[in-house]
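Residue numbers (UniProt numbering), protein chains in the order written: chain W, 1 to 522; chain C, 1 to 522.
Honestly, I wouldn't trust all of these hints.
Selected chain C positions facing chain W (in silico; Cβ < 7 angstroms) [as the list claims (entries may be wrong)]: (1) D51; (2) D123; (3) R443; (4) I444; (5) L445; (6) G448; (7) F465; (8) N492; (9) L493; (10) L514.
What the simulated footprint calls covered on chain C by chain W, stretch by stretch (three residues with Cβ under 8 angstroms from a Cβ of chain W suffice, anywhere in the stretch; the number is not a length) [said to hold, decoys possible]: (11) 251-264; (12) 428-440; (13) 476-488.
Simulated from the structure, these hints should not be mistaken for laboratory data. All C-beta atoms, glycine included, are put in the ideal place defined by N, C-alpha and C.
Protein chains: 2
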Amino acid sequence: MTADASLIDRVKHDGFRSVTAETGQPDGAEFPVHGPADVAVACAAAEAAFDAYRATDRESRAAFLERIAEEILAIGDDLVVAAMRESGLPRARLEGERGRTIGQLRMFASVVRSGAWLGLRVDPAMPDRQPLPRPDLRLRMIPLGPVAVFGASNFPLAFSTAGGDTASALAAGCPVVVKGHPAHPQTGALVADAIARAVVACGLPEGVFSHLVGPGNDLGAALVQDPRIAAVGFTGSRGGGLALLALTQARPVPIPVYAEMSSINPVLLLPEALKTRGAALGAAFAGSLTMGAGQFCTNPGLVLTIESEGLDDFVAAATEAVSGADSQVMLTTGIHAAYEKGAAALGGSADVETLARGGEGNGCTRGQAMLFQTTAEAFLADKALGHEVFGASSIIVRCRDEAELRTVLGGLEGQLTATLHMDDADAELAGRLLPVLERKVGRILANGWPTGVEVCHAMVHGGPFPATSDARTASVGSLAIDRFLRPVSYQNLSPALLPAELRDDARGDGVPRLVDGVLIVN
Amino acid sequence: MTADASLIDRVKHDGFRSVTAETGQPDGAEFPVHGPADVAVACAAAEAAFDAYRATDRESRAAFLERIAEEILAIGDDLVVAAMRESGLPRARLEGERGRTIGQLRMFASVVRSGAWLGLRVDPAMPDRQPLPRPDLRLRMIPLGPVAVFGASNFPLAFSTAGGDTASALAAGCPVVVKGHPAHPQTGALVADAIARAVVACGLPEGVFSHLVGPGNDLGAALVQDPRIAAVGFTGSRGGGLALLALTQARPVPIPVYAEMSSINPVLLLPEALKTRGAALGAAFAGSLTMGAGQFCTNPGLVLTIESEGLDDFVAAATEAVSGADSQVMLTTGIHAAYEKGAAALGGSADVETLARGGEGNGCTRGQAMLFQTTAEAFLADKALGHEVFGASSIIVRCRDEAELRTVLGGLEGQLTATLHMDDADAELAGRLLPVLERKVGRILANGWPTGVEVCHAMVHGGPFPATSDARTASVGSLAIDRFLRPVSYQNLSPALLPAELRDDARGDGVPRLVDGVLIVN
Numbered sequence: 001m002t003a004d005a006s007l008i009d010r011v012k013h014d015g016f017r018s019v020t021a022e023t024g025q026p027d028g029a030e031f032p033v034h035g036p037a038d039v040a041v042a043c044a045a046a047e048a049a050f051d052a053y054r055a056t057d058r059e060s061r062a063a064f065l066e067r068i069a070e071e072i073l074a075i076g077d078d079l080v081v082a083a084m085r086e087s088g089l090p091r092a093r094l095e096g097e098r099g100r101t102i103g104q105l106r107m108f109a110s111v112v113r114s115g116a117w118l119g120l121r122v123d124p125a126m127p128d129r130q131p132l133p134r135p136d137l138r139l140r141m142i143p144l145g146p147v148a149v150f151g152a153s154n155f156p157l158a159f160s161t162a163g164g165d166t167a168s169a170l171a172a173g174c175p176v177v178v179k180g181h182p183a184h185p186q187t188g189a190l191v192a193d194a195i196a197r198a199v200v201a202c203g204l205p206e207g208v209f210s211h212l213v214g215p216g217n218d219l220g221a222a223l224v225q226d227p228r229i230a231a232v233g234f235t236g237s238r239g240g241g242l243a244l245l246a247l248t249q250a251r252p253v254p255i256p257v258y259a260e261m262s263s264i265n266p267v268l269l270l271p272e273a274l275k276t277r278g279a280a281l282g283a284a285f286a287g288s289l290t291m292g293a294g295q296f297c298t299n300p301g302l303v304l305t306i307e308s309e310g311l312d313d314f315v316a317a318a319t320e321a322v323s324g325a326d327s328q329v330m331l332t333t334g335i336h337a338a339y340e341k342g343a344a345a346l347g348g349s350a351d352v353e354t355l356a357r358g359g360e361g362n363g364c365t366r367g368q369a370m371l372f373q374t375t376a377e378a379f380l381a382d383k384a385l386g387h388e389v390f391g392a393s394s395i396i397v398r399c400r401d402e403a404e405l406r407t408v409l410g411g412l413e414g415q416l417t418a419t420l421h422m423d424d425a426d427a428e429l430a431g432r433l434l435p436v437l438e439r440k441v442g443r444i445l446a447n448g449w450p451t452g453v454e455v456c457h458a459m460v461h462g463g464p465f466p467a468t469s470d471a472r473t474a475s476v477g478s479l480a481i482d483r484f485l486r487p488v489s490y491q492n493l494s495p496a497l498l499p500a501e502l503r504d505d506a507r508g509d510g511v512p513r514l515v516d517g518v519l520i521v522n
Numbered sequence: 001m002t003a004d005a006s007l008i009d010r011v012k013h014d015g016f017r018s019v020t021a022e023t024g025q026p027d028g029a030e031f032p033v034h035g036p037a038d039v040a041v042a043c044a045a046a047e048a049a050f051d052a053y054r055a056t057d058r059e060s061r062a063a064f065l066e067r068i069a070e071e072i073l074a075i076g077d078d079l080v081v082a083a084m085r086e087s088g089l090p091r092a093r094l095e096g097e098r099g100r101t102i103g104q105l106r107m108f109a110s111v112v113r114s115g116a117w118l119g120l121r122v123d124p125a126m127p128d129r130q131p132l133p134r135p136d137l138r139l140r141m142i143p144l145g146p147v148a149v150f151g152a153s154n155f156p157l158a159f160s161t162a163g164g165d166t167a168s169a170l171a172a173g174c175p176v177v178v179k180g181h182p183a184h185p186q187t188g189a190l191v192a193d194a195i196a197r198a199v200v201a202c203g204l205p206e207g208v209f210s211h212l213v214g215p216g217n218d219l220g221a222a223l224v225q226d227p228r229i230a231a232v233g234f235t236g237s238r239g240g241g242l243a244l245l246a247l248t249q250a251r252p253v254p255i256p257v258y259a260e261m262s263s264i265n266p267v268l269l270l271p272e273a274l275k276t277r278g279a280a281l282g283a284a285f286a287g288s289l290t291m292g293a294g295q296f297c298t299n300p301g302l303v304l305t306i307e308s309e310g311l312d313d314f315v316a317a318a319t320e321a322v323s324g325a326d327s328q329v330m331l332t333t334g335i336h337a338a339y340e341k342g343a344a345a346l347g348g349s350a351d352v353e354t355l356a357r358g359g360e361g362n363g364c365t366r367g368q369a370m371l372f373q374t375t376a377e378a379f380l381a382d383k384a385l386g387h388e389v390f391g392a393s394s395i396i397v398r399c400r401d402e403a404e405l406r407t408v409l410g411g412l413e414g415q416l417t418a419t420l421h422m423d424d425a426d427a428e429l430a431g432r433l434l435p436v437l438e439r440k441v442g443r444i445l446a447n448g449w450p451t452g453v454e455v456c457h458a459m460v461h462g463g464p465f466p467a468t469s470d471a472r473t474a475s476v477g478s479l480a481i482d483r484f485l486r487p488v489s490y491q492n493l494s495p496a497l498l499p500a501e502l503r504d505d506a507r508g509d510g511v512p513r514l515v516d517g518v519l520i521v522n
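The following block holds chain W by itself, in its conformation from the complex (with noise of 0.2 angstroms):
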């Protein structure tokens, strides 16, 4: 099957064809170009299926949700085979990306089941209440309606067609229509197929899921315009994000966004542990840097320092590692070009000094990481050396103090972590820079590197913007699911006309309520 099998064959398209990420050329197979009377055809669709979607029972949806998980990995090899050529990532990394993709379906799956997203209040009627009775109230969340997801080029499947944002609006109630990376069509039709053979195995309607591709951006823009839209889900560039934003609140009913779209991860090195381990952080950090050619949102753009021993370890074998770090595909030769231009602008800064560079790229889309070094009063002085390099691309900035530290802390914008290097005697310094992370990071990590995102229930992949459009939330973990919440109250309503969930004799079924403001967990 291929895209063309789908909900969207109606329209006749012109074509564009899929790209080899290591050579950059279009031999791939050919997919449609979709547009806006596909985007209407989808979103009809997914209009159409909602209220029967959302009416699912939670064994049901949550059975589809792992059916999805079973159809990808029917695949088979194909699917990593095509991720591969498309993205340009090595095998072993996408095999492990594949379980997290299917890792993460089944954890919604279990979300689902365990009703807590419903948010289930009551507070009984108390018909004798002084000076008025009170009235039965009872509340739980529903959900927003058809979400638009944009798939991002850097996971081809965990966060692409069938990834987090899928999962958790699916999870929600919400019918999805994914508007497909144009750097890997191949890998998100074969998910797309997968995704629409667990609907029909399901017995669910088609417009539960729908995927629409094409290579420029006038498909996005239609989609989040489409009235029948009722939330967006994208992981992609600052620029992209920002235009979605700006499109879906100049609509005549602006909806949620949630675009994770920019963050240069600072790492904080703390004075004892750059003396116990400079050079074991500056090898381990290069390391995380270079992983997957940097392409992570949460890849360590920035490391920040105060001047002490072992700093100058540190800077040594960071230098050492990144240049004898080997060249890597990028995922498209757009990308490979944003990076090029972004280390080239941070390398031609004057206050900016080049610690490093790795092998060089003898494509063109192979990437060479990049270390650079500057002080904090040229960092401060220049917003732009704070700025986003998509790839293996991050800037040492020397700090002479504390005060300097922190300020140029206050400076940053939102991100999505920061990490902190530190012994049992940097705990102090490492307690009075906690609040200032806390406001501007959504995870704070100890000891570790930012580019493992653990998919789980505690896991914040979020922050202010703009590494986010909106920090109330995440995009990976169980969180997720409450972005495409909205809650309903119901008042007086016979048992017959509640919703089930509701009802008193749905009490003991092991969903969570708060009863009167007490939590009673069955």
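For this one, chain W is given, so just place chain C on it according to the hints.
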């Protein structure tokens, strides 16, 4: 004490006088006109207070909220008298509103103590997991930062200086800068001073609360554009809310805006209910419509019916009751003028029949109740007939059948509430309408009137745009605290650095925690 005694007295101001609602005359005390310099002072103080205030333990923060309630009560009758003069609302209503204000402060104190709002999540490390160990991840909600609250004119106590927005923001740990409503500066100053006394009594930094007043729009515009303001709570007109939304979304860092703006609160009269008690419903409807001169966000401004037995009884009884309703003092001359204009436009529409006019106003601020009637066809043809007319005006829309009723419902904008008047024999029809209503409103009620908004846990005072700017939340009841929080995740932090409630030794403190996906209540 007057507002001059607050933090904001460092700049010399022009003055404006408190207006007596009944006469429209500015014959009350004079108050300073705050401007951008005052905004800067208040926001700097709020920012300076934030870290200390958010670090308060739950018991201290709860005690502070309770102390505010006590200080408001301690003002005594002066507060009720001032509010009566400035709002034109009767004593019983304002005494009730004071009780509601006190009650919601105390409710938020109990919410703060419960700790559920912290949203604690713990995913313990799995050092032996294959292929990679799992780090230790812990999550809690933290407050967003200083919050700007706009007092509403129609609830000079419960939705104003110490109203629901202020109470929920303070409960979340956010300092508050109130932009007091210029229609009740004396009432606002009395309440602001009470809060200031509570701040001092509880040993909190002065900047936890500030109160700014002035008659124009510049003050509010400056406030929401201050970079230290992290969120906005607003209850008022659609124009005002949209203006704030535009200003905040155009900031370098956009911020959440919780604007409660516009709703006509459809009341659906189902056929069996009409048949058995059309006349009684008509009289009761008129009571809800004219209460408080109709100046409620949840005022029943739209009645939807299907042609059926008993409808004429309803119309006759409602017409008689509205015709007999006395005129009532409205909140301000501006609101009165807008009401007259809106009602005249409705009545002047070619396809709208004026059923009833209440007692004539003989003062410049007395509003005359109005009841109109039209066909579904006319209502669908002219969007203006569905716009809110703030005051005691309502329009009955007669639909030929269920299909036409559904078309009218489908075309409605988002609403705070929808009301069903129904008998058991209407249950099937009601069941078919519920999914439509759920997508349009925040609260669905049966056999009551929307004008009572219970302050409790299961209340949703909110709804899809333009009822509010953010349907994911509610501005009345305990859910409102979530508006001012965002999640932060802590990875592999040592116990000494973790927030107290996330340490292992905090288990058993009665605060709910999601541990490895399992909700544990104590």
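Hint by hint, work out which the structure violates, then give me just those numbers in ascending order.
-> Structure breaks no hint.
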